[in-house]
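Model the placement of chains R, G, U, Y and W on the given structure of chain D, informed by the hints.
Residue numbers (the numbering used here), protein chains in the order written: chain D, 1 to 316; chain R, 317 to 632; chain G, 633 to 948; chain U, 949 to 1264; chain Y, 1265 to 1580; chain W, 1581 to 1896.
Some hints here could point you the wrong way.
[Claimed, not checked] For the chain Y half of the interface with chain D, some residues (derived, Cβ under 8 angstroms), not all of them:
no., residue
1, Glu1284
2, Arg1285
3, Glu1287
4, Thr1288
5, Gly1387
Hints in this document: simulated from the structure, not taken from any laboratory. We treat Cβ as the ideally placed atom computed from N, Cα and C, and that holds for glycine.
Protein chains: 6
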Amino acid sequence: MTDLVTVGEATLRFSPPRGERIETAGTFAAHVGGPESNVAAAAATMGLDAVWLSKLPDTALGRRVVGDLRRHGVRTGVVWTDADDGRLSTAFVERGGTAGATTVTDRDDAAVTTMTEDDVPLGVLRDAETVFVGGATPARSETLLETTEWLLSVASDAGATCAFDTRFGATGLDAATARELYDRLLDDVDVLIVDETDAEAVYGLDGDVVPTGHSLRTRYDCETVVVTREDPTHAVVGLEGESIYEVPPYEADTRDPAGVHDAFVGGFLSGRHRGAGVREALRDGAATAALKRTIVGDAVVGSRRDVVEIQARRER
Amino acid sequence: MTDLVTVGEATLRFSPPRGERIETAGTFAAHVGGPESNVAAAAATMGLDAVWLSKLPDTALGRRVVGDLRRHGVRTGVVWTDADDGRLSTAFVERGGTAGATTVTDRDDAAVTTMTEDDVPLGVLRDAETVFVGGATPARSETLLETTEWLLSVASDAGATCAFDTRFGATGLDAATARELYDRLLDDVDVLIVDETDAEAVYGLDGDVVPTGHSLRTRYDCETVVVTREDPTHAVVGLEGESIYEVPPYEADTRDPAGVHDAFVGGFLSGRHRGAGVREALRDGAATAALKRTIVGDAVVGSRRDVVEIQARRER
Amino acid sequence: MTDLVTVGEATLRFSPPRGERIETAGTFAAHVGGPESNVAAAAATMGLDAVWLSKLPDTALGRRVVGDLRRHGVRTGVVWTDADDGRLSTAFVERGGTAGATTVTDRDDAAVTTMTEDDVPLGVLRDAETVFVGGATPARSETLLETTEWLLSVASDAGATCAFDTRFGATGLDAATARELYDRLLDDVDVLIVDETDAEAVYGLDGDVVPTGHSLRTRYDCETVVVTREDPTHAVVGLEGESIYEVPPYEADTRDPAGVHDAFVGGFLSGRHRGAGVREALRDGAATAALKRTIVGDAVVGSRRDVVEIQARRER
Amino acid sequence: MTDLVTVGEATLRFSPPRGERIETAGTFAAHVGGPESNVAAAAATMGLDAVWLSKLPDTALGRRVVGDLRRHGVRTGVVWTDADDGRLSTAFVERGGTAGATTVTDRDDAAVTTMTEDDVPLGVLRDAETVFVGGATPARSETLLETTEWLLSVASDAGATCAFDTRFGATGLDAATARELYDRLLDDVDVLIVDETDAEAVYGLDGDVVPTGHSLRTRYDCETVVVTREDPTHAVVGLEGESIYEVPPYEADTRDPAGVHDAFVGGFLSGRHRGAGVREALRDGAATAALKRTIVGDAVVGSRRDVVEIQARRER
Amino acid sequence: MTDLVTVGEATLRFSPPRGERIETAGTFAAHVGGPESNVAAAAATMGLDAVWLSKLPDTALGRRVVGDLRRHGVRTGVVWTDADDGRLSTAFVERGGTAGATTVTDRDDAAVTTMTEDDVPLGVLRDAETVFVGGATPARSETLLETTEWLLSVASDAGATCAFDTRFGATGLDAATARELYDRLLDDVDVLIVDETDAEAVYGLDGDVVPTGHSLRTRYDCETVVVTREDPTHAVVGLEGESIYEVPPYEADTRDPAGVHDAFVGGFLSGRHRGAGVREALRDGAATAALKRTIVGDAVVGSRRDVVEIQARRER
Amino acid sequence: MTDLVTVGEATLRFSPPRGERIETAGTFAAHVGGPESNVAAAAATMGLDAVWLSKLPDTALGRRVVGDLRRHGVRTGVVWTDADDGRLSTAFVERGGTAGATTVTDRDDAAVTTMTEDDVPLGVLRDAETVFVGGATPARSETLLETTEWLLSVASDAGATCAFDTRFGATGLDAATARELYDRLLDDVDVLIVDETDAEAVYGLDGDVVPTGHSLRTRYDCETVVVTREDPTHAVVGLEGESIYEVPPYEADTRDPAGVHDAFVGGFLSGRHRGAGVREALRDGAATAALKRTIVGDAVVGSRRDVVEIQARRER
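Same shape as in the complex, but just chain D (with noise of 0.2 angstroms):
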């Protein structure tokens, strides 16, 4: 069996040193960046067989995607398309969340918008213990709408852990849209994502965190809910059953807040997936997502032992 399977998009992000920006710098840094494949790079990093399925174009760009994310220790399984259907999604960021900080995104006509489920491999998908997709894939295009339902639902019969991330604001979707579209896939989710301001937005669960958490548990009847935060430093909020648990964020100085996120969800399904609880799943979360916070490009790099050593770093 595969530990985890995440299924979605990744796009080559170009970075100016820190302290240049996009119109002057003269070299930019490359780095691979996605939900789904930071989420998969965290997990492999915790040391799970982690295998992200995707469609890439045929081009030194998308061999390089691949290759980006082999080396963090990631199986991948990609539909090759040829370069004229469909492009790599490329974007510009400036990294370092300061005054100026500005992201071009360059995303249209990518080749997994259209990714259909004859596109997934159906054998890694059954022999998946957790399945993951983040809340941007489904909005991409109606096309990976469908796929995304359709593996949800395959995973789920299979016998999967299916865990969804609702982050959808680079997408752009308004807040009716993204609600519906969640109506539609979360039917089969037992762990369920949602960041507060996600929670706000689309459901208008505003106010405290914990009732948030309640609604969307019996909303979707999902097993798991986590909630994190707007504020990092503010504690995240796991429920399960009747328990509630939070835990507050391990310090560490943020050189890249790309992809903390994804760590975080990276680092408490590997939690979960090695037979944690849900409170010490959520301090492998945060633990991943401080190493993460303080390396620069969107995948953390490391090995569990960093995790644990952050971990017991407080308990000192």
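Chains R, G, U, Y and W only, in chain D's frame:
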């Protein structure tokens, strides 16, 4: 009066360091390139007042193009579009003509492809001494073809010298379409630059360079025809009236072949602009090309003094 | 009409990477800086048509200054001198206000110090809406003092708004000489920017900022006085007629303190130019300064949109 | 079945920038190299499913080796040892064969030298179509010699093609010991690659290349012998049955000679694996070597398409 | 007379850029570090004539160590060994005390571990005003322990001030062995520097810093004891005779914590050398440490002027 | 005794990366160069105890010069002046002899131009076995001419070998002045190095190299004359007594031509110092020059072993 007005597309090009590949490089150098912007930069280097007209998305990427060209001394006349109404073309280029050099272009839906005559500042066009367009521009879209036809005709009527370079290699046109396209455009052209491989591919004029030039001069009734050579060590040939001029290239190490042809064109047009004869202008072109060859990036950097010194060195 | 004309010196500044020192760094980043060129760059960023006038040696270094400023959107009006008739000022600067930050300036015999009224394009000057000079310029040489006197008077007669910034710190003048110099120049000045430390050092106006501003406004009969603060977290104060405006700074990490004051001035003058009141113009200045603070180099990079977003973020 | 299994050591190699020396360089580029990992990377580039088996210390350095090889598309089967039970070999290499090029190796007590048959995953070995080891591996320690003997015999019994490359240069063995070692190992070898200098040094087979190849083929009863050449412009020679094949190298600038020989071997084995004859496989090897030559680092980067294009270019 | 002689090991340390990890960084910066070489570099920065004695392999790596220390103004007295008779220690260090900072040391079989009294130039030792060794040196090998014992005794007999810093953290000694080792060495020591964590670990002297210092001063009969603090914001404490001095640290951003403690020691010993009292020397140490903190690398770079300016800034 | 004492100026040289220009490069590499410091560095590389004497401003730039030379193994004897009493010469150099290579020098008012005999440590001078000065030094100022005259005479009286290199190209002297200057200085010179172009320009000795050498040897009564060649592929010629020696250059790629001539001189003087005959010393010079040619920067880096290996390679 403006010395030179060029109209066309610029692409933001990302290149790995020498000896590294797109698939694995950690950083990419960014350069702005395009036949018409390169020609304008070469002319500005030679001291001309050069203006580049185009259409760009109003993003940090679009502003970068303008900033880079300004740095090269080119004035810009840009119609800004909404980021959603057109992309900036990007390309990923391994510089240096080595065994495995690869280019991935990403040019669909560029803002410039919707540039109509309404996007061209008529005053600037009518005020130009020389107007230049390259063959790839009308090949980009039907709209651009119509715009090119219109602007050559307007410039011609206003008394400008119209210069055209047939190079269409990267556009992927078939020869028949290219020929049709040139037949539609070249009526108003005074100075025609054609590479011997284009001549062969499009017109079937293989074999000797001089008869090739004469055939084209007759066919399109151009005052001046310049035939550039596939083999960069061969002499370029200029024809005007009954005269034939051959000018061998200046020796220089090739650090980056990008834009060398355009530097030649810019140098040649500059020579003509200051009143030099064909031979002297070809020499200006050849020396500007030699200077470019040694510089990384698509546009030449320097001053007319550098070009004069390269010429003087050969004469010693 | 030109929106803003500035006249002064630019220095080519070489900086080791963060955390390295002049004594051991292997590479140095090059940036062009100078109060008037920084102000012009900030104004161009805000969308103004800004021109910088100066005198430079006709070398690759001099041309670099022009190229860098053009990239920032500044038009340049430069008198070129022979390389033997004046240097380009250079400086070696450890950026970031750390324990051991060191600057070595190398400014003797700069070409600009011999700039006379004959070196100033009279048409450009007379056509300006606003003219700006900083306090270091007249302090550089007797010739520059005379030229400054002349150009403020000419601009004033032509109906331009004359703006002057007293900062003279780096010039090493004593307070008495500075005062004498300002007394000679400030007759024609409409907008006076003064730092509270200068006010104390030169005029002995210590203590409260508001009376300090009033004293200066009375002394020199300026329409508008802006007092900037030694402590970058204190509010700047603007005085016009009987009104007093205080605007606190916008929060931003300081990656490079160079040119932050000049960005403020450029932003403020831009605000006034588009008709904003003093308070709003001070806000434009403060947000432009915040943007600069996060960028490495002497001049701000970006667009008015960045400034507006910084302002909007605080209001949320 | 796995297409290719290689077993051996990888070294983390640090190189100063071109034109700088170990003694003064401020930064060093890091690359992973080793005959067997390079061969596996070349085979993966050609589309094979390649596995590299080794023993590494469980440190960030050891994990880096695995990450880099994965990025090259190589699967890894690594036995992890405690950091105290064996080092990772390092080397400091001035790339580019210039006057003063220096290499400092630091290879004592490498973890791989204690690799026994218990450290080899038997299933992987038995499932291989081709197994490859280089001459330096058995020369590293008595333990590794025994392990090599054992694995060639196991692979041979399981029906795999066994390939061996005699290169032992860097190990510092004397010729007699090397011969003894080869005599012990080559019984099970089907494909023998030998450089003409090794042939001369170890077997005293100087002079013509073809008789040299025949002598070795007879001596060790190998199906195929390939003799590579000291002078990189000479043709390589392949012998199989009574046939002799000579394939000249493809032209390419040499940016980094490291790993060029290994790229040849990987390309050749890939050709054989997909059923090509000796001549065509030698051409695959030669084109893969040409591709490597232009790339900085020990392993080739690219795809089979690059190799095909290099071959096609010569045929035009 | 030589002002300061230090004896010990230097390590060549490779560090990825900030925010990158050993596992994925493309380049590594190289720095030479070691307690005794860092102390010598700090003393040279303060204007002392400082000599570092050691044993190095005669390779480009060994020569690099000498070159780097010379650049810091340190004179070197090195016994060169054959490359086979001992390595240069290397280490791979992620600088900046972030969540996942990792160090991989590779120090076995270093040439310095075989340094005997025959490898120490007796004249240089006898001619020293102050001799310094750190605690890690005698802990490296029995040979080095004997050599350290001998050289402290020789220096003491020759009238030098003997200084010793107990820090042994990186050596991995247990407390009992460390105590035994110090008991053997500290007889001849005049100036003892001890960190409060070492004091606790080795001597069980927890709790208040002042009684800890007194206990050690009594135990080893040292003239001067300096207790440094685990928390870098706490004051260091010096004891001499009946006097107690506390000096708080100077504020400075920490860009690289490596070598900060050694810079303190070098600054303190420099202060004593020029005749300053304990308090003033502690201030010199603290300001030198502050300067180091802002610089990337193991050794401080600058001049005494920088240290004086850091001190003056606080007094304003 | 000191093996070699050189006296002269060093310049801090800033160079853009290969293929970039002063006008647009983002970063510049810094190197210290000067005929006498380069000769000292080459001699130190060859194992000599070499001292460089000069006068520098007491700034971070001046200290950098000393640090860089120390790193090259050169001891320095520097008189420090106030920053206001003289600059450090800077130069901006495009390395690599390409089409548009440009150098901008900025050498006015250098501190060294006021160096009098009082600034020369008499003991060091009298204790030298060989003293070297280059032709540009006395050409810098009347003061330096007098100082050079004095020091050659003092060194000669003290029994040192006096070596002089006529190269004065960069100083811009006319030939007549240069000749006058040499006539004043060469009385005390034992070893004269002259380039054939200087010989032609200054003495009118064109044509064959051997008679040229003899004429100079006779004219100035020097024991040894070495004539270097304009064309770097021609043999250098040495004359001593009646003997003539011709030594062809060693082959090596030219990465940076700066300082190659000086490396030759340093290698030659080193050969003579260890007692080698003229031919062998010329070979030492030629191999040191070849080593330098491959290294970026003005001074050679390496060890005598590298030079010996370059020589051995040719003999194989």
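Enumerated hints in conflict with the structure, sorted upward: 5
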